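Engineer: Sequence:
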Amino acid sequence: MATRASATVAAGRAGRGRGMARCFRSPLRYHVTVLFLSARGVVAAAAPSRHARAAIVSLWPRRGEARRGGNNCEGSSLPVCLMIGLMEDNSSWTALSVDHIRISAFNYGIVSDPNNEGKEFPLSLDIVVPDDILERIFTFLPIVSMIRSTAVCKRWYDIIYSSRFLWTHMLPQRPWYFMFTSNENAAGYAYDPILRKWYDLELPCIDKSSCFVSSSCGLVCFMDNDNRNAISVSNPITKDCRRILEPPGESFPDYSTIAIKVDRASHGYTITLAKSKQVPEDYVRWDFCLYKYDSWSSSWVTAMEEVFIGWRGGDDSVICDGVLYCLVHSTGVLGNVDPRHSIIMYDLVAGPCKESLMQSSIPVPCSLTCGRLVNLREKLVMVGGIAKHNRPDIIKGIGIWELNNNKQWQQVGRMPHKFFQGFGEFDDVFASSGTDDLVYIQSYGATALLAFDMNQKQWKWSAKCPVSKRFPLQLFTGFCFEPRLDITA
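Per the working numbering, numbering through the sequence shown is continuous, rising by one, with the last residue being 1296.
Just to be clear, a hint being listed does not mean it is correct.
Stated by the list, open to error - DEER-style ranges, computed between Cβ atoms:
#1 Pro937 to Tyr968: 15 to 23 Å
#2 Gln1085 to Gly1158: 22 to 30 Å
#3 Asp1089 to Phe1059: 17 to 25 Å
#4 Asp1061 to Ala958: 42 to 50 Å
#5 Lys1195 to Asp1089: 26 to 34 Å
No lab work stands behind these hints: they were computed from the structure. Note that the coordinates shown come from a computational prediction; the quantities given were computed from them, not determined experimentally. Beta carbons are placed, not taken as given, at the ideal position from N, Cα and C, and that holds for glycine.
Hey, can you work out the whole structure from these sequences and the hints?
Structural biologist: Okay, here's the thing in C-alpha cells:
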C-alpha cells in the first residue's frame, strides 16, 4: 500500500492579524503547508520523514482569549492543530484562508493518541520541524521574509545564515535595484521587484556615490572615480566589506572599467580591471591594459597589454562564462556613420592569444549612442541607445540584443515608444544593468525605473521611488544586485 506524508499548520497573530496558509509541491514528495504570520516572521511546518508516526500537535491560544471559528481536533478543544500523517501525492499551490484564527503561535503542546489516556506532553518545535525540513521551507521564501525570520529565534538565524543547502536549493531571487543620487553620499533606496517596495539602504565600504560598480551573486565591487586603484567588495545586505589590494598600473587612466564574477559553488571571485590611456602626443594610439584579481590568492596579475589604433577602452565590461567582454569606442570624428562601438573578448581561462583583441572584436548591431553590457544566465546581453541616422549623438529608442553562439546579435526586445516617452527628457546615455532574467533601465535625469523581463518579454514600471528631484541638474544613477545572506567578501 502506498504511503502518505502530510503536514498542515494554521496560525495567526493575536489581534487584528491576517494569515494565509499555502500548500506547495515539494521536491521530496512532501505535502507541506506554510503559514506567513506577519511582517515579523513566518510559522511553518512539514512532515519529518515518511516513517514518522501520526501525531496531532496543537497551537494553544492565549489564556482567556475567546475562540473563533469552528476548528476542532479529536481529543482536544483547541482551535488549531498540526496534523502529521503519511501521504503520497503532491499538490499544486492552494490558498487556504485562516483569517478567522487568533492565537499565540509559540505556546504549544502535543495531544497523544487514546492509548496514552489523553495525557498531554510538551513538545519541542525542533522535533516537530527538523532542521532539514525547515531549510526546505525557507527556500520558498523571498529574501525579505528570510531576513525578518532571522529575528524569530536563534535557531532560525543559524539555519538561514549558515545553511549551504538552503542557498543552493532556494528559489531564484529576482535582482534588486539600488538607486542613489550621483552627487551625494553612498546612501539611497533598493527596489524589490517581487514585493514592489523600496528599502532605505546605505552602502558599506564607500562614503560617496562617485564610483564604478559591478555585481555578481550577492557581491558588489566598487571602484572610486577619483582613485581608480581604490577598489572594495561588499555585500549590501549583510554590510560585509573588504578593501582589495591596490592593482598595478596607472592610478589615473583616461578610461577604466571593472567587472566581478563570483563562483556560486566556492564563493570565490575574480575581478578584472581594464585601463585605457592615450599615448602622449598621439591622437590615434591608446594603451590598453588588463589586470586580473583572484580572491583565493588575494593578488593581481597583468593579464595583457596592447596598443589600440583608432580605438580606446570605455567604462563598461562584464564577465560571462569565463570570458571578459569590454565595450570599446572609435576615436573617429563624431559624424562618422560607421558604428562607433565594438566589443572585445578576453578568455580568462585560456589566457592571452597571439592576435590582437581588435581582430576578433564583435561589431555592435547598429549605430548606438551608448551601450551597457549585462550577464543574464551566462549569456551576453547588450542594452543600447539606438541613434538617429547620421546623428549618432541623438537617441531615438532603446534596444536589447543577445549574443548567440555564432557571435551574432539577436534582438530580443525594443522599448515601446510609450515607455520611452514615459522617461520624459531622455539623454543619449543612461544607466542599465541586470541579472537572472531581468533588465533595469534608468535615466540619469530622473528616478523613473523600467524593468524588462526576458522570459515574458514584458516591460513594467517599478513602484515610485521615494527619492525626489530637488533641483534641475540633479543626477541619479544605480545598479542591480542579487540579494543574498550567505556570500561574504
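Engineer: Determine for every hint whether it applies to the structure shown.
Structural biologist: The hints, checked one at a time:
no. : hint                           : result
1   : Pro937 to Tyr968: 15 to 23 Å   : holds, 18 Å
2   : Gln1085 to Gly1158: 22 to 30 Å : holds, 27 Å
3   : Asp1089 to Phe1059: 17 to 25 Å : holds, 18 Å
4   : Asp1061 to Ala958: 42 to 50 Å  : holds, 48 Å
5   : Lys1195 to Asp1089: 26 to 34 Å : holds, 32 Å
In summary, this structure violates none of the numbered hints.
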